[in-house]
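Protein chains: 2
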Amino acid sequence: MSRQQSSAPTMKDVAREAGVALGTVSKVINGLPVGESYRIRVEEAVKALNYRVNNYARGLKGGQTFIIAVMVPNLLNPYFSRVAHCINLELAARGYKMLLCSTEFDPVQEQNYVISAEQQKVDGIICLSYNPELEVSEDVPLISIDRYFGAKIPCVASDNYGGGRLAAEKLVENGCKNLAFLRIGSVLTNEPNKRRDGFINGCEALGVPYSLKIVDDGTPYSEFEAFLREHFHGGKLDFDGIFCVTDSLAHQIIGSLRTMGLRVPEDVQVVGFDGIRSFGDLEYTCSTIVQPVEEIAAQCVEMVLEKDRSRLPALVCLPVSYACGGTTKG
Amino acid sequence: MSRQQSSAPTMKDVAREAGVALGTVSKVINGLPVGESYRIRVEEAVKALNYRVNNYARGLKGGQTFIIAVMVPNLLNPYFSRVAHCINLELAARGYKMLLCSTEFDPVQEQNYVISAEQQKVDGIICLSYNPELEVSEDVPLISIDRYFGAKIPCVASDNYGGGRLAAEKLVENGCKNLAFLRIGSVLTNEPNKRRDGFINGCEALGVPYSLKIVDDGTPYSEFEAFLREHFHGGKLDFDGIFCVTDSLAHQIIGSLRTMGLRVPEDVQVVGFDGIRSFGDLEYTCSTIVQPVEEIAAQCVEMVLEKDRSRLPALVCLPVSYACGGTTKG
Numbered sequence: 448m449s450r451q452q453s454s455a456p457t458m459k460d461v462a463r464e465a466g467v468a469l470g471t472v473s474k475v476i477n478g479l480p481v482g483e484s485y486r487i488r489v490e491e492a493v494k495a496l497n498y499r500v501n502n503y504a505r506g507l508k509g510g511q512t513f514i515i516a517v518m519v520p521n522l523l524n525p526y527f528s529r530v531a532h533c534i535n536l537e538l539a540a541r542g543y544k545m546l547l548c549s550t551e552f553d554p555v556q557e558q559n560y561v562i563s564a565e566q567q568k569v570d571g572i573i574c575l576s577y578n579p580e581l582e583v584s585e586d587v588p589l590i591s592i593d594r595y596f597g598a599k600i601p602c603v604a605s606d607n608y609g610g611g612r613l614a615a616e617k618l619v620e621n622g623c624k625n626l627a628f629l630r631i632g633s634v635l636t637n638e639p640n641k642r643r644d645g646f647i648n649g650c651e652a653l654g655v656p657y658s659l660k661i662v663d664d665g666t667p668y669s670e671f672e673a674f675l676r677e678h679f680h681g682g683k684l685d686f687d688g689i690f691c692v693t694d695s696l697a698h699q700i701i702g703s704l705r706t707m708g709l710r711v712p713e714d715v716q717v718v719g720f721d722g723i724r725s726f727g728d729l730e731y732t733c734s735t736i737v738q739p740v741e742e743i744a745a746q747c748v749e750m751v752l753e754k755d756r757s758r759l760p761a762l763v764c765l766p767v768s769y770a771c772g773g774t775t776k777g
Numbered sequence: 448m449s450r451q452q453s454s455a456p457t458m459k460d461v462a463r464e465a466g467v468a469l470g471t472v473s474k475v476i477n478g479l480p481v482g483e484s485y486r487i488r489v490e491e492a493v494k495a496l497n498y499r500v501n502n503y504a505r506g507l508k509g510g511q512t513f514i515i516a517v518m519v520p521n522l523l524n525p526y527f528s529r530v531a532h533c534i535n536l537e538l539a540a541r542g543y544k545m546l547l548c549s550t551e552f553d554p555v556q557e558q559n560y561v562i563s564a565e566q567q568k569v570d571g572i573i574c575l576s577y578n579p580e581l582e583v584s585e586d587v588p589l590i591s592i593d594r595y596f597g598a599k600i601p602c603v604a605s606d607n608y609g610g611g612r613l614a615a616e617k618l619v620e621n622g623c624k625n626l627a628f629l630r631i632g633s634v635l636t637n638e639p640n641k642r643r644d645g646f647i648n649g650c651e652a653l654g655v656p657y658s659l660k661i662v663d664d665g666t667p668y669s670e671f672e673a674f675l676r677e678h679f680h681g682g683k684l685d686f687d688g689i690f691c692v693t694d695s696l697a698h699q700i701i702g703s704l705r706t707m708g709l710r711v712p713e714d715v716q717v718v719g720f721d722g723i724r725s726f727g728d729l730e731y732t733c734s735t736i737v738q739p740v741e742e743i744a745a746q747c748v749e750m751v752l753e754k755d756r757s758r759l760p761a762l763v764c765l766p767v768s769y770a771c772g773g774t775t776k777g
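Chains A and B supply the protein sequences, listed in that same order.
So my numbering is basically just the index in the first sequence, starting at one, shifted up by 447.
So my numbering is basically just the index in the second sequence, starting at one, shifted up by 447.
One chain only, chain A, in its complex shape (with noise of 0.2 Å):
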């Protein structure tokens, strides 16, 4: 076949020049796996014609793009990254692309990436959001982390109230006689809230004392501090056990106990949640509540892209599990 095109070639074109079939070419195109061979071809016949992918033209023709965006919080936690990262893998083994926006917890510019997403005809959007006013057009599918926005937008999210039930028991279990929830967050409805609600259950179920200090997004550190120092008397907290709303929190309040001059986990036990891990050698970096990250992120894909959004529940909250990261004593 002639390799000089009268216009931009086609990927049937492509098919022609590799002697394959055009599922074949589309495989490749998309990352999917296909023999080695065949995609050796493939990639020949792309270079000889110069072939450029047409998004706009394989849009406008399928209606659809291929492409999910996919907006986080923060890229510097590794709970959001590992978000990312494992969504990424999803979609990429069902021949889709993420486009992935980090929004800094800026609520404007968050909602300039929904706007900007939806604009760009992307198949669907993936969004872990702190924005409670998020606003959010139907003609995009829509998939929530976290945060449940009513039951037009599918929201996925860890048993976050089992969390706090179990990190209550855990605590109880090792030992632990006198609790305390530390929480900064949002105080408007939203998923992680639960967390709480879940430790308070625990708590009276086991008929153990707890103590709460919940303070809102924006509130200095040194308030937690100010609150452990009211608790502190003679070389003593009130209580031997703290669960933690995150692991980041978690690890703020143990360099502030250690500062206190007690220590972890012989005075104090901590447990946070997220299940974050080191980055060499892999350990808990506290004792943690684990979300299930893998879970989480094959759930989102498989619901941004059902078909049929009639058959999609309102929140899907999928099973959490304790791991000690040696802030408790088991």
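Hint data in this document are derived by calculation from the structure and do not stem from the laboratory.
Idealized CB from N, CA, C, for every residue including glycine.
There's no promise every hint is true.
To be clear about the criterion: a stretch of chain A counts as covered by chain B if any three or more of its residues have a C-beta under 8 Å from a C-beta of chain B, and this derived list gives those stretches [said to hold, decoys possible]:
id, stretch
1, 525-531
2, 542-552
3, 620-631
Place chain B on chain A using the hints.
Same frame as chain A, but now just chain B:
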């Protein structure tokens, strides 16, 4: 003014409704700082008019989409996620959005992302690529991190050569008499290969003997273990200082050394490269040559947005520093 619009509202309509200058609307929409009262007025006007930013219209008018595509090989490695994080902050400060793609080290996915980004008419691409055959068009400004594609594609990298030399110097300063360099990665020319050259230069300048173990991507890690065993006689290693091409490899090597009954840093000192810090306390996870990630990000953004591309240098190398992370004696 009437809120009924015969056609879709424009940015001008928003400015009129809010009673502010057009520039103020633009700033709010692009997430740039404005006075809080202005921001509220603009946001209310945006809502009242149901205004949607039209990137395509904007693109067609000003020739700009205000979107930069960023490609990294992976999101689990904190070095890569931090590069993306810093680029995101730099772009946001200039009213640009980042669309991030994670290529999972797959050259086909990477090539697809570049083609897709070019077609979506992004204003530029910043790419941390391991694909020596990546094809890029000259239509869209592209800045490469770490890989030098030739004089036409500006490249931003750490001073890898200087970093390799610094690693040798620091190991010798801490008492090492016999060094080794370990590397896994593409053997093709790229910037990180200069870490080896700088290391050799440092050893030769200081008159210190050295061994090299350099293997190509995809080689199983067991090759390094075999190398260590070859140099292990009577409970001692032939070398007492090891420079690893990344912190990631350093952590694996440290694990192997400990399994062999060797103490780090007492028996063998180890230096990595990247400057990865632990999540909890922000300590360096091993002794390391620290890449200046903020500066790399700032440089890439400045260069990708530069209108006069003839002014761009082919290669910018930014200074690195040394940090002790407990796997060396100082």
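We went through each hint and held it up to the structure:
1. 525-531: holds (count 4)
2. 542-552: holds (count 7)
3. 620-631: Violated: only 0 residues of the stretch 620-631 of chain A have a Cβ under 8 Å from chain B.
Consistency note: the structure conflicts with earlier hint 3 alone.
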